[in-house]
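Spelled out, the chains give:
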Amino acid sequence: MIKSKERKDRDTTFSKPLFRSPFYDFFAAQETEGHWYNWNGYKSPTILSDEELEYFSIRSTCSVFDITPLNKYRIIGPQAEDFLNKLTVRDVAKQNVATVKYTLWCDQEGFVIDDGTLFRISDNDFRLCSQEKHLPWLIDTSCGFDVEIIDETKHFCGISLQGPTSASILRLLGVNGIDNLKPFHLFQTKISNMPIMISRTGFTGDLGYEIFMKNNAANEIIEKVWAAGTNHGLTAIGYNALNMARIEAGFIVANIDFISSDHAIRANRCRRPEDLGLGWLVDLNKGFFNGKKAIVNSKLANGTAFKIYALEIDGKEPVEGSIIYYNKKDEVGTVTSAIWSPVAKKSIALAQLELGPSKSILENLWVEIYALKELQYYKLMKKVTIVKPPFINLARRFACPPVNY
Amino acid sequence: MKSYDVIVIGAGHNGLIVASKLAASGRSVLLLEASETYGGMARSEVLFEGFQAPELASNAVGISKDVVKDLGLNKYELLFNEDGLKTVGLSLENDSIIFGSDFGKNVKGIREDEFKRWKELRKKFFNQSHLFQKLASQIPVGRNQKTFGSKANLIVTAAKLRLQGKEQFQELLRMITMCTADLVEEELETSSLKGLISFDSTLGIKLGPRSPTSYLGLLYKLSQMKSSYEEKSLSISGGVTSFINALFKSAEENGVDFVFKSKVSSLTILDSVAKGVKLENGVEYSAKTIVSSISPVNTFLDLVDLKNLETDLTRRIKALRYSGNTSKLNIILEDLPKLNGCQNLDTNCRYLYAPSLESVESNFNFLKYNQLPADPNFEMYFSEITSESSLNGAVMASICIQNTPYSLKDDWKKSKEVLMNKVISTIQKWAPEFKKSILYKSLLLPHETEKKYFVAGGHWHHNELQIDSLYSLRPTFDLSDYSTPIDGLFICGAGTHPGGNLFGLSGLNAAKKILRESSK
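Protein sequences appear in the order of chains U and A.
In this text, residue positions in the first sequence follow the numbering used here: the first is 1, and each later residue adds one.
In this text, residue positions in the second sequence follow the numbering used here: the first is 406, and each later residue adds one.
The following block holds chain U by itself, in its conformation from the complex (with noise of 0.2 Å):
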C-alpha cells in the first residue's frame, strides 16, 4: 500500500517509461504515422497523421491538442495577489476576476525566467501555466506572504480547442456562455455533468479554447468533444502543427526563442523583458517586484543587447537555426524558429539579433542559407525584412461572438 502512493505522487519528469496523460489513449488512436517525444516528463506527440493536414486543421476546422503536460500551479490566499505582483512583472491588481493574462517572471538581474499565463479564478484564487518547472522558485518567493502554492500539474490535465470552427463544437457540446465569452476571459461550467474551466486562449493566433479538468473527468470529455466535432473536421493534432501556427502568431518559447535565465550557462545568454519584445509587460509603476531594481537600471544604461525580431526573408527555402550577417559578411545574429508560413506565404521566422541604435543597419540584413538539393548543398544569400509581429492577423481572432459554422 505505501509503495503504491509512493508511486503516485512521485516526480515523473525523469523517469522512464514517460508518464502519460489521461488523454493518453485518445491520441494514441489517432495516430497512423505517429512521432512523440518527452515534453516535460509526458509522452507527446510531434506527429500523430499528417503535419501539413494537422496544421490546417488548425486554421480551416478545428485542432485538439493535448496540454495536459504545461506545469499547473494554483495559488490560492488572502496574499495571492499581492505575492503574484512580487513573483511577475505585470500588475495583478489591474487583472480582473475571470480574466488570463500572458506574464512573465524575472530574477534578481531582471532577466526572465520564464513566461506563461495567469488564470484569475477568483479574487484570491489563481492558475499559473508555464513551459518550465518553478515550484521550488514559487515557494522561496511566497516566504512571507500568507499564500498556499500547489503543484496542480499532475492532478489536472487540459485539451486546447483551436480553430474557426472550435467555438461551433462547444455549443454543440451545450456550452452555454461560449458567445460572450471575449479573447483572454474565463468562466466555470459543466459538460455532462463534470465540472471544467473553459477560457478563450491559445498558443495559435486563431480563435480558440483551451479546456482544464480533473484527471477523472478527461476521458468522459474528450469522447464527448470528439463526437461533436465530427462534422466540424475536428483533428487531433501534435506540437510540429502548433509550432506552425505559433509562430505565425510570433509568440515566443523559452529554451527555444531565448534561454530561461536559470537554464544559461552563459552570462550573455541572458534576456531582460525589453530585448523579448515584452517591455510593455513590465509595470514599472508598481510596488516592489523581482528584478525591478536591474530592469530600472538597464533602461538608463544605454547598451545594446540581443533582442528578438520578426523577419520575413525572400525566397522559400527553410531558414532554421541560420546567421543572419549584417551587409552580408558582419554576423549579428540567428534564427532560433522558422517556417513556410502557409497563411502569409512567406519565409518567416523569428531571430535573437544584436543590431544597436543605429536604423541604417536594418535596411541590408542578410541570412545565410545552406539549402539541400539532392546531395549537394547551395549556400544562399536571402535579403531579410524585420517586421512588426504577428505575420499573420486574423478577424476570428478576436470576434466576439464567433462566427457559427
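Just to be clear, a hint being listed does not mean it is correct.
Calculated lysine to aspartate or glutamate pairs in the EDC-like style (CA-CA distance at most 16 Å, straight line) [said to hold, decoys possible]:
(1) A:712 x U:330
(2) U:293 x A:892
(3) A:723 x U:330
(4) A:712 x U:125
(5) U:293 x A:717
(6) U:101 x U:125
(7) A:846 x A:822
(8) A:819 x A:853
(9) U:293 x A:883
(10) A:524 x A:592
(11) U:388 x U:331
(12) U:307 x U:223
(13) U:286 x A:676
(14) A:712 x U:107
(15) A:712 x U:146
(16) A:821 x A:883
(17) U:383 x U:317
(18) U:293 x A:676
(19) U:383 x U:320
(20) A:712 x U:82
Because the hints were derived from the structure by calculation, they are not lab data.
Use these hints to put chain A onto chain U, whose structure you have.
The following block gives chain A in isolation, referenced to the frame of chain U:
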C-alpha cells in the same frame, strides 16, 4: 516620529564603532539596543551575586589597530596583555607543553629538533598570513565594489605574497586549501602541539582539523594577531570590558543618542528604500541611513519584510550556515586552584585541553551528527575578582567548549549537566582541588545564546567563517560591500567582511563605505 540622519541597530562593538564614526562626521545618530546595556555579545552581565563580567566574550583576543587609531581609543583606558599570552597545552599522559606568546615563539616541553621544525613551520604560517592582513581593512572588491583603490589593494596583497619568492608562493598555493591535520603531520610529532594547533584553527567554526580548508582558520587567526593593536591581545581580566567601555565613551562623546531595551521589530521600507524602523513597543524612528550590526540572517529574515526582498537574495540568506557550535561555561571558584605539582594556576595564561589532533577531530565528528562530544576540548582563562561584590577575592574561570551542537539529537535539558560534568572532571584530573572550590557555575549553549543575545543560531561569527564566506563572499557576494539592495540599508555586523571576534573592522569598513556613499 523622531528623525535622525542615521539609525544603528545593535550596540555590539561593530554597532558602537559605526555609530561613533558616523556621529563624528556630524551626522545625528541613534543607536538602538534590544538589551539593557551596550556591548552585544561582549557585554557585561550580572553573573553571580551582583558580580559583573562579560558572559561570552571573555577570551583574550586582539582588536584592530585601525579601529584604535581611527576612533582615538588610546585616550581611554584600554587593558592589554602586556607580556603576551602564553598557552598551556594540558596533557594527561605527558608533561604539559607551554606555548609561548606570539603564537609559540618559544615552546617549552618539546624536544629540540621538534622545536626547530616548529620554528620553520611557524615562519611559513606567518609569511602566509599576509593574505588577510591588508585585505581586512578594505571594502572587498566584488559585484558592487570596483574602485581603483580596492582593486589596487588586492593586487598589492597578491604581489606581496608573490615577492616572497616563487617557492614560498607555490607553497602558499599548495597549503591554502589544505587541512590543518595534513600540514602539522607533515612536520610535527608532539601530540599536544598538534592538538593545540588543531584547536586554534577550528575554534568557533564548523570544521575539524581533517576538514579541507581548515588551515584557513589558522591563517585568519594569525592575520588578526598581526594586525591587532600593538600585536597584543586584550587583557584576560577586564580587557574586553575596557574596550567596550572605550567604544561607548567614544560614541557618547561624539553625540550618539542611545536607546536601550528597544528591540527593533521591523524596518519601514517603501519601494526598496529604507525609511525608518519600528520598535516592538510601537515607537517609530525615521532615518535616511539605517545600519544593522546584527546578524545578516536576523537583519533580512526578521527585520526586512521578505516581501521586499529579491527571491534570489532570500535564498542566499536562508542558505547561510549559522548554527553555533561553541558553548561558554563560567565557573566561580573560591580561590585559584592548584595544579597537581602544587604550583598555582596562572591568571596570565590560556589553558587548553586538546591533547591531540585525533581528540579534536573525533569531537568534531560528534558535532557533525549533532551529538555531545565524548571528551570535549576547551580553552580556559582565570581571572581574580576584584569587584566590590560579595565575591571579592574569588576567581572566575571562563571556559570555551568546542564542538557543542546547536540542535542536539537528544534533549539538551539532560545533556547540559552531562557536558558540564565532563569538562569539570577533565579539569579535575590535573587540578584535584577544582571541583571542591566551585561556588557557582553556568553554561550557555548556542541555542541559549541565540535567545539571550538575539543572534540567529547563537553563532559568535554570525555565520560560518570559512572559505566560501570570506572577503567578497561574506555574507553573500552581493552584500559584501556593506550595502544592500534596499537603498539606505547597510550591514556592518560580524557576518560581514572581515568579521572575527572583537576585531572591529567590519564596523569601521562599513562606516567608511557609508561616509563615501551617502550624503548627510
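Sort out which numbered hints this structure fails and list those numbers smallest first.
When the structure is compared with the hints, numbers 1, 3, 4, 11, 12, 16 turn out to be violated.
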